[in-house]
Amino acid sequence: MSREVTIVIDGREVSAHEGEMLHDAAKRGDVEIPVFCYEPKLGDPVGACRMCLVEIEGIPKLQTSCSTPVRDGMVVHTRTDQVKSAQNAVVEFLLVNHPLDCPVCDKGGECPLQDISMGWGPGKSRVIDEKRHFEKPLPLSPLVAIDRERCILCYRCVRFSQEVSEDAQLQLLERGDRTYVGTFDDRPYISPFHGNITDLCPVGALTNYTYRFRARPWDIEQAGSVCTLCPSQCNVSFTVRDEQVKRVLARDNPDVDDGWLCDRGRYGFSMFSASERIDGPRLKGGAATDWETAIARAADGLKAAGAASAALVGDASNEEGYLVQRVMREAVGSPNVDSLTSVFGPRRETFLRLADPGLSARVRDIDQADLILVLGTDPLHSSPIVDLRIRKAMRRNGARLAVATDRPTALDGGAVAATRYEPGGAADFLEELSKALEADADNQASAIAEAARGAERVVIVWGEQLVQPKASAVDQLVVISDHLKLGEQEGSGLLEVPVTANSRGLREAGCLPDAGPGLSEAEPGRTTWTLPAAIERGEVTSLVLFGVDPLRDFPKTEKWRAALAAVDHLVVFSTFENATTAMADVVFPLETHAEKDGTVTHPDGRLQRVRPSASRPGDIRPNWGVLAELSLALGHDTGVDSQPSAFAALCEAVPFYAGLTDAEIGGRGVRWQEREAASALPTPPANEAPVVAELMKVSGEPPEGPFQLGTYRDLWAGPITELNPALRFLAPQQRVEISVADAERLGVKTGDKATVAQNGTSLQARVAVRERMQDGVCFLIGGTAENNANSLADAWPVATRVDIAKVEGS
Amino acid sequence: MPETRVLLKHAEDPELRTLAGYRGYGGYETLERAYRTMEADEVLKELEDSGLRGRGGAGFSMGKKASFLPRGDMQKYLCCNADESEPGAFKDRELMMRNPHQLIEGIAIAALAADATLAFIFIRGEYDLVADILDTAVAEAYEAGYLGKDILGSRRDLELVVHRGAGAYICGEETALLDSLEGKRGNPRLKPPFPAVQGLYGGPTLINNVETLSNVPRIVARGAEWFRGFGTEQSPGTKVVSVSGCVRRPGNYEVELGVPIRELIYDLAGGPLEGREVKAFYPGGSSSPVLTPADLDLPYSFEAMAEARSMLGSGSIIVADDSISIPHMALRTAQFYHHESCGKCTPCREGTNWTVKMLERVVRGEGTPMDLDIIASVQENIIGHCLCVLGDAMAMPVGAMVRKFREEFEQAIAAAGEAPRPIAAVQGAPETMGASA
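In order, the protein sequences belong to chains W and H. Under our numbering, the first sequence has 462 at position 462, and the numbering climbs by one with no breaks. Count along the second sequence from 1, add 810, and you get the number used in our numbering.
Keep in mind that the hints were calculated from the coordinates and are not lab data. None of these values were measured; they are calculated from a predicted model. Accuracy of the hints is not assured; some may be wrong.
Claimed, not checked - Calculated Cβ distances over 10 Å to all of chain W for the following chain H residues:
(1) S877
(2) C1152
(3) P1157
(4) W1164
(5) N1191
(6) G1194
(7) R1216
(8) A1224
To be verified - EDC-like mimics (lysine to aspartate or glutamate), calculated; alpha carbons at most 20 Å apart, straight line:
(9) H:K994 - W:D167
(10) H:K994 - W:E577
(11) W:K284 - W:E577
(12) H:K994 - W:E771
(13) H:K994 - W:E57
(14) H:K1001 - W:E771
(15) H:K1167 - H:E1117
(16) H:K1001 - W:D167
(17) W:K84 - W:D44
(18) W:K61 - H:E1218
(19) H:K1001 - W:E39
(20) W:K131 - W:D167
(21) W:K84 - W:D115
(22) W:K131 - W:E163
(23) W:K749 - W:E722
Yeah, the Cβ is synthetic: ideal placement off N, Cα and C, and Gly gets one too.
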């Protein structure tokens, strides 16, 4: 930590960190210095707008406070005549070419240029000359409009594109006062993070098509919450008008999102009011019903099945997960609860080992890491904001990156080592890696091990998919962590990228087949992946799906379809109508993260609060209440009668959450590992064989086929693009990725139509030839509306083998 | 008054530009001595003691600048700024055309002092012929072992690359030059960090003008004392001065710093045309505040020019005689800087644009009585508020013209409403200003 120094600003003493920028020190000392171009999130200051000029004693010329590091004893003036005249001058200059169309400008009322003009400008204009003209507004992308006349050329958006998202698509064209922001050849700016430029723009030059002319600042309220569309759990602020979400803004939290949002989180909100939204309880066939009937019907089925009931939890808050497992374990009397969508997931003892606070990395540890090791995940698709965070560490801090995955990742380009293993080969690869780290073994993991040598602060970002098909992968992860001394080094640790947004919270709330709340021991239940067979055998007759859509998200689609049809009683909690809800006996509506009140747990252990910001459409009720009533209908009183009581019950049941309050979570969240109650984490049992091992056996011979199939969840696959009109253009069409050599062998090129087939099942895809792919391996997207790869993955978790054939004439 | 030819010595000999011709006059002897027998610090000390001031415009001590480079094993660079783009300046062109090896020898010796092993000559793209001459000379120097690996067995290396600019005035600004050289948009960088600490590709970089570096061989050969024998206490040495505009014999003249300006304009350049009188002149390129005939007897030195609230700059005198309309001259000056402003910082981008619009109105006969005060105030608002000095480069001369020739502007404004004059038909604007050299 840098030294504390004292500086004097406008006659008052302000304490500052030596070397920090004067503007930041002044801000903490409650002195506002106006800025346009300065934004620390964008990296080094550029000193372009000249708005923040201040007088520093001993320096004759005015200095830009955004780029002047503080020194002890510095005496600064921000309100002298000289400074005021410079501020007036810069505002006047900015307005030379800025149209005064504030009454029709979307930014009006929340515009830094307006505010600064009022606060620091001359108050009157001396300009009578014509301003510059551009055609406007033009689509910079299908989501963002650009009005170049309003642009004050602060370069924030260009710097974002070049230095944060690193897509380098935005450029300054022309020069001088003819300069304008654009892209090469006027191509649309398409990047998963590009919506951030609308937050950055200090004028009305960059606006969202989804928000233009929808509201004025005096019509709206800002409501802070957390986005639960992926495990990044970015902090957001919902712009709400008439109780409906109109816009999503980033709510800076350096411990979580660093102040950025991906476009998924930013533009995904319009699906909240999609016509597919389920807005009240329904019975088989989609008939609307009243809550009493629906709850009674659900309770009857569960009661009849008793221990032959099972529940799967996916998109849910901690409280919801906690209540689901209570309903199952206490009211129904069934041990069958699971929240893992990865196969053969590690179980209680492994989670206990991984939960060791010493082994767990914080998101911000990535910033200071010497080495970032990405294992089995492509953060761009699975947790986009982590992708930005890793890039930042490399760009600003010189962190080294090593990547080991089955599929090429967006991070490969900057990695010192990027190694591929076969789909399903993670456990074997990790074993090799652990050997290579232990002794200088020459194997496929050598390059990664070499990259790790000498690194002190190491953050391993690992994907939950790593554990398929062998749970031993996670054991290897712990061994590797020991080799790299992650537990001993401050700032080192493991950071998981789970499949679902609140995976960690659900595990800790007790949604595991062999662990109750707080990873306590529980009577072993069935895992997700044994359910279809158990249903087929008639051992499970009643199924509750809470925020889970097996027909889209799970492999073995046909087996699941058969299972859902075979089960006597199917209760589905879902936000939207889908193929699964169509088969349900009872459907309960779910709240979105704009409507829900509850907590979630970030993969790094940070509990965050999702706050209700918008009204629930139709007849939707809070889900804690629905679950509590369901339990009552089953004859068991959970004692939960409000969201606070649900949260209190959760914190009582999870020993390492003990004593948590809403106030402690606040707006920024709190990591449970950093609280005293963390010591209540149970000790992992020593070397105990997984209790559920018996249930993991795979039967049958692996199918034949020249290509080994891997699947991945594309950032844009799923309802996010299908139900959001604004994002529909991003909906991925199925594509089959193959290596350059395989493409040559098959005589296909990128864009060709191909059939991917296995055992008589087939789907259509466009060929995508990719560098850095292994030969003999192909990848398809899981979760698309059509040609879903999951429908092929019949032998899964055993690697599926497929055949690829070019569709002639394509 | 005769010239004092040091840098331009033997310049009349067309063979001087060849390696053989240059060596015939003792060329590269200093490089040989320096690389064989001298330590970096000795060379550096000689340069510091000489008091040689940068000839590119800012006039900063060259030796001091070189001494700012950190010591250590990191890659260091030397950049020769040959992007001579200031209207009125054309002395570097002549120095490079006539005596390219003098510059190469200077670069090699300066690189020794700065411990740089990779050097660039960033030459303005329009100097195509000159760049060809440099290419030939650099090839000869490599051939002779004055550049490349293990120069003259000294175990010191120096690679020298001639890089042609793409035609932007701003790339003569040292940090924009670095960005351009790195392949980026040529925009000035924020200083600090100064290039000496963090320059090209983030490494310590010494950047000097052509004329500055051309001085180096003789300073090291004959010593700082010898150099200080020329010029004044604070402006030692000789200076190649480009004199242009309304004079009979425009051209480059090498004189000792400190000679009276009158001698430069009247004796060497032949004074104004028959029947004309000097009305105003830029003493140091188009970015220097104009001076009037009252200043003609000032000594031509860095300090005297600064005292007269102008500057010596790159040493380029542009003379305007009494046929020239000052408002037109102001407009033409402003147009140049408006066209060349990179647009990165607000005061320069908008200030140059606004000034041009107002001056256009004044010249067109559509000015308003407010305009003059606003023009003056806008120049004040630019000066000292920009990221680099380009904005000041317009604001200083335009401000000075409004201050010193206010009556002329007032007349133009008073005549507003009379038949407007098209801007294209600007009469008497010095021809040299737009298409410098």
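Problem set entry | K84 of chain W paired with D115 of chain W [C-alpha distance capped at 20 Å] | Measuring from Cα to Cα gives roughly 16 Å; hence the hint holds.
For this session: Below or equal to 20 Å on CA atoms is what counts here, so check K284 of chain W against E577 of chain W.
Result: The given pair, whose Cα atoms are some 12 Å apart, holds under the 20 Å limit.
Exercise. Looking at G1194 of chain H again, its CB stays over 10 Å from all of chain W?
Worked result: violated, 5 Å
Problem set entry | K994 of chain H paired with E771 of chain W [C-alpha distance capped at 20 Å] | Given that 20 Å is the threshold and the Cα spacing comes to 28 Å, the pair is violated.
Exercise. Does K1001 of chain H pair with E39 of chain W here, judged by a C-alpha cut-off of 20 Å?
Worked result: Roughly 18 Å separates the two Cα atoms, so the pair holds.
For this session: Take a quick look at whether K84 of chain W and D44 of chain W sit within 20 Å of each other, Cα to Cα.
Result: Given that 20 Å is the threshold and the Cα spacing comes to 26 Å, the pair is violated.
Problem set entry | Given as non-interface: S877 of chain H, partner chain W, CB spacing beyond 10 Å | The assertion about S877 of chain H holds, with a minimum of 22 Å to chain W.
For this session: Assess, step by step, whether the Cα of K1167 of chain H is no farther than 20 Å from the Cα of E1117 of chain H, and give holds or violated.
Result: Measuring from Cα to Cα gives roughly 32 Å; hence the hint is violated.
Problem set entry | P1157 of chain H and chain W, when compared Cβ to Cβ, separated by more than 10 Å | Non-interface label fails for P1157 of chain H: nearest chain W Cβ at 5 Å, not farther than 10 Å.
For this session: Compare the distance between the alpha carbons of K131 of chain W and E163 of chain W with 20 Å, and conclude whether the hinted pair is satisfied.
Result: Since the Cα atoms of K131 of chain W and E163 of chain W sit roughly 31 Å apart, the hinted pair is violated (cutoff 20 Å).
Exercise. Beyond 10 Å from every Cβ of chain W: is that where the Cβ of C1152 of chain H lies?
Worked result: The claim is violated: C1152 of chain H sits with its nearest Cβ about 5 Å from chain W, within 10 Å.
Problem set entry | Pair hint outcome, K131 of chain W versus D167 of chain W [Cα-Cα no greater than 20 Å] | violated, 32 Å
The earlier numbered hints that this structure contradicts are 2, 3, 4, 5, 6, 10, 12, 13, 14, 15, 16, 17, 18, 20, 22 and 23.
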